[in-house]
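Enquirer: Sequence:
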Amino acid sequence: MMLLLQQHASPPPHASRCAAAALYYQQQHQQQQQQQQRQQQQQQQQQQQQQQQQQKREHLLHAGEQQTSWREE
1 MMLLLQQHAS PPPHASRCAA AALYYQQQHQ QQQQQQQRQQ QQQQQQQQQQ
51 QQQQQKREHL LHAGEQQTSW REE
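First residue of the sequence shown? That's 1 in the working numbering, and the numbers climb one at a time after it.
Read the hints as simulated data drawn from the structure, not as lab findings.
Note that the coordinates shown come from a computational prediction; the quantities given were computed from them, not determined experimentally.
Note that beta-carbon positions come from the ideal geometry of N, C-alpha and C, so glycine has one too.
Possibly wrong hints are sitting among the right ones.
Claimed, not checked - Beta-carbon label-pair distances, calculated as ranges:
hint, residue 1, residue 2, range
1, 18, 55, 49 to 57 Å
2, 61, 24, 50 to 58 Å
3, 26, 47, 46 to 54 Å
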């Protein structure tokens with residue numbers, strides 16, 4: 001058991017380098033995923049805003065039509 005503990009306490013340099021590299025790649029990958037998710041959320045928000053604006057425009061158009069038809073009468 002002592003041998004195992006000693007090995008864990010001082011791993012060979014190449015092993016720690018591999019572990020550090022693996023951690024680094026994982027972190028990079030996670031950051032990329034988070035950025036992609038953020039971009040998707042922003043796109044969805046923009047689409048929703050555009051839809052709302054279109055609905056408002058249509059509503060105004062209908063209101064305008066009602067006003068003109070009412071004026072004609």
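Enquirer: Each hint: holds or not?
Expert: Consistency of the hints with the structure:
1. At about 56 Å, the beta-carbon gap between residue 18 and residue 55 stays in the expected band of 49 to 57 Å.
2. Checked against the hint of 50 to 58 Å, the C-beta distance between residue 61 and residue 24 comes to roughly 56 Å, which is consistent with it.
3. At roughly 32 Å, the beta-carbon separation of residue 26 and residue 47 lies outside the given 46 to 54 Å, and the hint is violated.
Hint 3 from the earlier list is the only one contradicted by this structure; the remaining hints agree with it.
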